[in-house]
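What follows is the residue order along each chain.
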Amino acid sequence: MNEDPLALLPEIILAAVAVAGLLLGSYLPRRKQWPVRLLAALACVGGLAATVAVWGDPVRTVFGRSYAVDVGTNAGRVIVLVAVLLTLGVSAREFRSAPRESEWYVLVLLAALGTIGLTGANDLLLLVAAYLLASIPLYAVAGFAKDDAGTEGALKFYLLGALLGITMLAGATVLFGVGGSTAYADLQKALGTAPAAAVAVGFVGVFAGLLFKMGAVPAHFWIPDVTEGTRPPAAAFLTTVPKIGGVIAAYRLAAAAMTGSHVDWALLIAIVAAATMTLGNLAAFFQRDVRRLLGYSTISQVGYLLMAVAVAGRNELALPSMLLYLGAYAVTNLGAFAVVCALPGRRTIDEYRGLLRRQPWLALSLVVCLLGLVGTPPTAVFAGKLTIFTAALDGGYAWLVVVAAVNTAASLFYYLRWIAPALRRGGGPNPAVPGGWAAATAYVTAAGSLVLGPLAGLALAALRGDLASM
Amino acid sequence: MLSVVVFLPLAAAVVPFAIPRVTDRFVRWWWLAVAAADFLLTIVLWAARPGGDGYAYEVNLRWIPSISSGYHLGVDGLSLPLVVLTAGLFLACAVYSLRQQKRARSFAALFLFLETVSLGLFVALDLILFFVFFDLSIVGMYFVIAGWGHRDAARAALKFFLYTFVGSLALLVGFIALYVTASPHTFDIVELTRQNQLAGGGWAAGLVLLALGVGFAIKTPTVPFHTWLPPAHTEAPAAGSAVLAGVLLKMGTYGFIRIAMPILPDTWRRYAVVFVVVGVVSVLYGALVALGQRDFKRMIAYTSVNHMGYIILAIGAAGMAASSATEARELAVTGAVTQMVSHGLITGALFLLAGVLYERGGTYDLDRFGGLAASAPRFAGLTAAAAFASLGLPGFSGFIAEFQIFTGSLGAAPVATVLAFLGILVTAALFLRAFQKVFLGKPGTPAADLTVAEGVSIAPLLVLAVVLGIFPRFLLDLIEPASRSVLNLLAR
Chain A
1 MNEDPLALLP EIILAAVAVA GLLLGSYLPR RKQWPVRLLA ALACVGGLAA
51 TVAVWGDPVR TVFGRSYAVD VGTNAGRVIV LVAVLLTLGV SAREFRSAPR
101 ESEWYVLVLL AALGTIGLTG ANDLLLLVAA YLLASIPLYA VAGFAKDDAG
151 TEGALKFYLL GALLGITMLA GATVLFGVGG STAYADLQKA LGTAPAAAVA
201 VGFVGVFAGL LFKMGAVPAH FWIPDVTEGT RPPAAAFLTT VPKIGGVIAA
251 YRLAAAAMTG SHVDWALLIA IVAAATMTLG NLAAFFQRDV RRLLGYSTIS
301 QVGYLLMAVA VAGRNELALP SMLLYLGAYA VTNLGAFAVV CALPGRRTID
351 EYRGLLRRQP WLALSLVVCL LGLVGTPPTA VFAGKLTIFT AALDGGYAWL
401 VVVAAVNTAA SLFYYLRWIA PALRRGGGPN PAVPGGWAAA TAYVTAAGSL
451 VLGPLAGLAL AALRGDLASM
Chain B
1 MLSVVVFLPL AAAVVPFAIP RVTDRFVRWW WLAVAAADFL LTIVLWAARP
51 GGDGYAYEVN LRWIPSISSG YHLGVDGLSL PLVVLTAGLF LACAVYSLRQ
101 QKRARSFAAL FLFLETVSLG LFVALDLILF FVFFDLSIVG MYFVIAGWGH
151 RDAARAALKF FLYTFVGSLA LLVGFIALYV TASPHTFDIV ELTRQNQLAG
201 GGWAAGLVLL ALGVGFAIKT PTVPFHTWLP PAHTEAPAAG SAVLAGVLLK
251 MGTYGFIRIA MPILPDTWRR YAVVFVVVGV VSVLYGALVA LGQRDFKRMI
301 AYTSVNHMGY IILAIGAAGM AASSATEARE LAVTGAVTQM VSHGLITGAL
351 FLLAGVLYER GGTYDLDRFG GLAASAPRFA GLTAAAAFAS LGLPGFSGFI
401 AEFQIFTGSL GAAPVATVLA FLGILVTAAL FLRAFQKVFL GKPGTPAADL
451 TVAEGVSIAP LLVLAVVLGI FPRFLLDLIE PASRSVLNLL AR
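Protein chains in written order, with the numbering used here: chain A, 1 to 470; chain B, 1 to 492.
A few of these clues could be false.
Claimed, not checked - Here are the simulated SDA-like pairs of lysine to any residue, each with C-alpha atoms no more than 25 Å apart in a straight line:
1) B:Lys159 with A:Phe413
2) B:Lys159 with B:Tyr358
3) B:Lys102 with A:Ala149
4) B:Lys159 with A:Gly354
5) B:Lys159 with A:Arg424
6) B:Lys102 with A:Arg417
In case anyone wonders, no lab produced these hints; they're calculated from the structure.
One chain only, chain A, in its complex shape (with noise of 0.2 Å):
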């Protein structure tokens, strides 16, 4: 059999440090958890290495054809040790020397640990399963402040999470009953001759399921609520791993396992992909809090995502093109997060007026991640932008690309609410000196996403190649 537990290697890891980040915590002094920090920092750069150290290698499928170690999974990987990375950065600050520090960070790896095994999971009940890991952790990240607007925000994200994980079982149990097999490639040649409304029901509950994880509409309530309710080191980390995982799941599922089935899911998925990006659009038009604006923000950003998901299967650009974009998507996003994060006090856009006064360096990092949500070259979300529009007009989808192209042009204007007082004069006193290391955080992912985006060749390059397919 296949059982190679190193093929798990970064997975293998998160789990230890985890456990033994909790261990490591109890034993501690409560004022000096910092080895707990330096652990989960010291897990995600050993993940990284070990993913890099088996890139090229070629495609597999581990323990029976349950997992997959393909392109898609190593890209999951390392964007999600990157966001952790990142996010250890930006709540350095906030919950130093907190009651709680290391359940932080054990939490954080948990859930990252999960959304790592959504991206692999090449069989239902993996991917139910994955679902579950990445979840759970993630509401007692939501609620983790325990105050009155978080619990609010948890509570919900709780209820909707529960619900859609039914859905999803539900949906997985009527695949499993018309395919008779959970694994996607008994899938893919079973479900052609499946009856096609049962296949269809089944497709739906699945999907449901990972719609919440990407925050998507009609999955998207619990999104706004959680990003201004919780600490914001949370919303920034909430509103970005389970993203990853959720549309590489989703994409996997739609290109191995749906490809064999006469069900027109390439549309449904195109109908969700237009919807979200245009409500999460509207949504974000007239919001006057930074953290709700960038949540709604968080929502269209994945209907630009499931474009790509659409063609799935369809042309050869359709996965680097996504994998590009999550990975650009990651970085400006925790960016953004990062500024918010370095200004506490600072809540509404007009608290923003006069940052470029006092601040100049994060005022222009937070114009580099908010232009470059909208797209603008050079940055590297522009570059994924461009080949997911390429991929989806050469899928077919020319409508979808019109809409994607004006709800880029729209985005633009709540963005611009934000850059324009940042940059203009006045404003009250600075209520706090920017945090060290989430300022920092905010630095590298400006530059980063500014780096990025020139290279975009070398990463596309680096992406290019198949999902396991058996």
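Dock chain B against chain A, hints included.
The following block gives chain B in isolation, referenced to the frame of chain A:
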């Protein structure tokens, strides 16, 4: 070589930020030195250009091979005049801004950034590269208007950004459609031109041209996409306006000639009449609305719409299948390119003069001035020269350009051309009226005459306009082979 010319300003923009405790004085002179060096380099480009057809100084490197997009640069007779014009106008702005007090370091850095972007756009031979520079020009100009504009700058900048960004996205969709329809897929302009893959493409080709047309028409701008222009110009600082009108508007018309016409020749010919109509409407509407303005800067902004209209008319007429002779159509395209250069020089000068006017009076309102000629003779003289040049008086470059455009278009689109003639009459009226109000009549409050920096920045632009008006051959020799090859491509 081209890469050096393009990226020198950007590299230089970093220097004032790298040196600790740099004075504003140093920044301004550094900016001037870099702009001058880059201008000299473009002159060298022109002088040392190898003869023959095709692109000079071509660079073609792999950039994003997955979507066959390359770092492909090159200049020919269409782009080289605009490259030199761009470097020259930025140099003029650097001289003009020697008195810039407000945040000089950021201002200089932004202008150097814009210079790189503008030069890059005119030499780009890859659609993605072109788009990157196209979009960045919008971002750069947004910060210029928002950061250094007048009272209502924030609103005008927002409108400018949103409006032109919509145009750039239409352009992006059009570019991607060109990529997808090409086989093998590519974003390379030269390769796409060679393939001519949408010949006889029916409605799909029409839609692609529509996307490109809207994108470039917003940037140009033509009626009915011009409404962002007057507020942007009115609120922008003088140097920003000069660059916006002199360089950024050319990106739209250049895009038509470089991308839309050669890549979609068949479709262009089919819909050429649309461009002729849009051109004539822009000419007349721009002139008439300019006549009704009391604000000096708004007036010049509308004359820009008028002048850009001539270009659209010319390139539309060049595509008309009517039995007009090849020579006539060649004249039209050459005239269009000449008009781009001429408009850049003259309107750049006019906007800098408008900045001087604002400096003296604190307003652009024509009715608030009078009799300035008595106290500021040099100012009055230069403004008179610029106004006469702009209305197309013989002896100035505008005459050469417009004469070629009219001669070239008359055969293909007689009615439209005759109507466009009226535009000249209206612009003549409005410039004379504005000049009379500000400089003649009974003397009002006296104003200081031009300073050295102002004079040195504005006068050379007008001298060049005169030189081009009297000895246009050296420019036409450069443009004519290129416009001939555009027409050959268009005739496929």
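Consistency of the hints with the structure:
no., hint, in the structure
1, B:Lys159 with A:Phe413, "10 Å, holds"
2, B:Lys159 with B:Tyr358, "23 Å, holds"
3, B:Lys102 with A:Ala149, "44 Å, violated"
4, B:Lys159 with A:Gly354, "21 Å, holds"
5, B:Lys159 with A:Arg424, "17 Å, holds"
6, B:Lys102 with A:Arg417, "24 Å, holds"
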